[in-house]
Amino acid sequence: MAKNDRFDPSLSGFIEHDHNNDGIDRRGFLKCMAWAGTGALCVIEGGILKSYALGSQKGSAIRSHKTASFSFVQISDSHMGFNKPANPDVIATLKAAVDKINALPDQPDFILHTGDVSHLSKPSEFENVDQILKATNKEIFFVPGEHDVLNDDGAMFRERYGKNSKGQGWYSLDKNGVHFIGLVNVMNLKAGGLGTLGQEQLAWLEDDVRHLTSSTPIVVFAHIPLWTVYPQWGWGTDDSTQALSYLKRFGSVTVLNGHIHQSMQKVEGNITFHTAFSTAFPQPTPGAPEGPGPMKAPAEQLRSVLGITHVNYVQGRHALAVVDSSLV
Amino acid sequence: MKRRLFICSFAMATQLFFAATLVLQPARAGSEDAKSSPTEVRVDNFTFSPETLTVPVNNAVTWVNKDDVPHVIASNDGLFKSKALDTDDKYSYTFTKAGSYSYYCSVHPKMVGKIVVQ
Chain A
1076 MAKNDRFDPS LSGFIEHDHN NDGIDRRGFL KCMAWAGTGA LCVIEGGILK
1126 SYALGSQKGS AIRSHKTASF SFVQISDSHM GFNKPANPDV IATLKAAVDK
1176 INALPDQPDF ILHTGDVSHL SKPSEFENVD QILKATNKEI FFVPGEHDVL
1226 NDDGAMFRER YGKNSKGQGW YSLDKNGVHF IGLVNVMNLK AGGLGTLGQE
1276 QLAWLEDDVR HLTSSTPIVV FAHIPLWTVY PQWGWGTDDS TQALSYLKRF
1326 GSVTVLNGHI HQSMQKVEGN ITFHTAFSTA FPQPTPGAPE GPGPMKAPAE
1376 QLRSVLGITH VNYVQGRHAL AVVDSSLV
Chain B
5 MKRRLFICSF AMATQLFFAA TLVLQPARAG SEDAKSSPTE VRVDNFTFSP
55 ETLTVPVNNA VTWVNKDDVP HVIASNDGLF KSKALDTDDK YSYTFTKAGS
105 YSYYCSVHPK MVGKIVVQ
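Order-wise, the sequence lines are chains A and B. Take the first sequence: its position 36, counted from the start at 1, is 1111 in the working numbering, and no numbers get skipped. Take the second sequence: its position 2, counted from the start at 1, is 6 in the working numbering, and no numbers get skipped.
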């Protein structure tokens, strides 16, 4: 019997937030959750999150900003191989995500995939995803989810996607003056714990950012959220605080995660956290009584709770505009 | 005493067999006793049920995954670990020594359970 088949239609559609707040030093932070039927636009300027309806005047102006230095797309949780009622055809929805990317008016320079590429770490699942994503004609950077490293501690994943990575698959790269850091927090998990980065990776991270000037925009991407979304369901990373402490001196830090199959944002000081939709199936909101498993939405509404994330970087403003779009 | 030793070594061999092959089959016990009293832990909605299970020595414990996502059964001290169990997959392990064995899902480590062997 399918579980988690409760679906609240009020969660779809659009939620608009405009946080004209001084939130820079505020630990209590701003949070906006957008189950974006039509898309929410979140603009990060100097550590303050402002969200607009995509249809609003300012939202449209920012979205179509012609001076953007570059942009990229984040996709996540394609779960190739999943075939349960929450989505019996994850191939079709991943193809829809590719169509969405290819239809973007401002074409992204590259793509980040934040893990759970596969459902069961099978070579055929990775192969299917690669074949489908080829249609984007874009360079793609991956970090693993826990579903990608099930039986071999990620050896096959690194062979396919992480040949130049360090340790268990982490790496960094520079694009147009922005420093991108791909982290791995899905291995060596301890009983009762959350996601884990581990000492070796933390030491590497500290060293990796040491040479950078504080004005360098930073984008961190990893599978499990690097902020504590809901620890009871394991939606957080045990040693993320230490990792983020190395990034405190930077003016603009954007952290992109997947894993929870829903769009969520949080701003804390200079760091903006964002989780992406899945392209495969939605999961319930934190603490929902049905638990964290795949959530069955009515077939006609499934694509409104799946999606992609388009991130625009505007040089000189240190602003990254994060736009979630559903697959509808 | 000799006979007991024999049984013990047979059980250990069985244990090694299970550990080496990571059997994803219904419980195959190492003794007639175990066959007559199967014990099962259901993995359902990201929890082990029962969370604590008490079994006699030399009893096979079988975990069955009823979730839509894979789980991996792993003892905290590394004694046993299943391969990834997809929906309805099973994993069995025979406990040959009395004691308390804590385990978790190495994919979703918030999922924890315990087998008490008496």
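Simulated from the structure, these hints should not be mistaken for lab results. Do not rely on the hints blindly, as some may be mistaken.
The list that follows gives simulated cross-link-like pairs (lysine-lysine, DSSO-like), each with its CA atoms no further than 27 Å apart [what the hints assert, rightly or not]:
1. K1197(A) <-> K101(B)
2. K1197(A) <-> K85(B)
3. K118(B) <-> K1323(A)
4. K114(B) <-> K1265(A)
5. K87(B) <-> K1341(A)
6. K1341(A) <-> K1197(A)
7. K1371(A) <-> K85(B)
8. K1241(A) <-> K87(B)
Derived, one-sided and incomplete: chain B residues facing chain A with beta-carbon distance under 10 Å [what the hints assert, rightly or not]:
9. V73
10. K87
11. A88
Ideal Cβ placement from N, Cα and C applies to all residues, glycine included.
Okay, the hints, checked on the actual structure:
no.: 1; hint: K1197(A) <-> K101(B); verdict: 35 Å, violated
no.: 2; hint: K1197(A) <-> K85(B); verdict: 19 Å, holds
no.: 3; hint: K118(B) <-> K1323(A); verdict: 41 Å, violated
no.: 4; hint: K114(B) <-> K1265(A); verdict: 9 Å, holds
no.: 5; hint: K87(B) <-> K1341(A); verdict: 36 Å, violated
no.: 6; hint: K1341(A) <-> K1197(A); verdict: 34 Å, violated
no.: 7; hint: K1371(A) <-> K85(B); verdict: 31 Å, violated
no.: 8; hint: K1241(A) <-> K87(B); verdict: 26 Å, holds
no.: 9; hint: V73; verdict: 6 Å, holds
no.: 10; hint: K87; verdict: 5 Å, holds
no.: 11; hint: A88; verdict: 4 Å, holds
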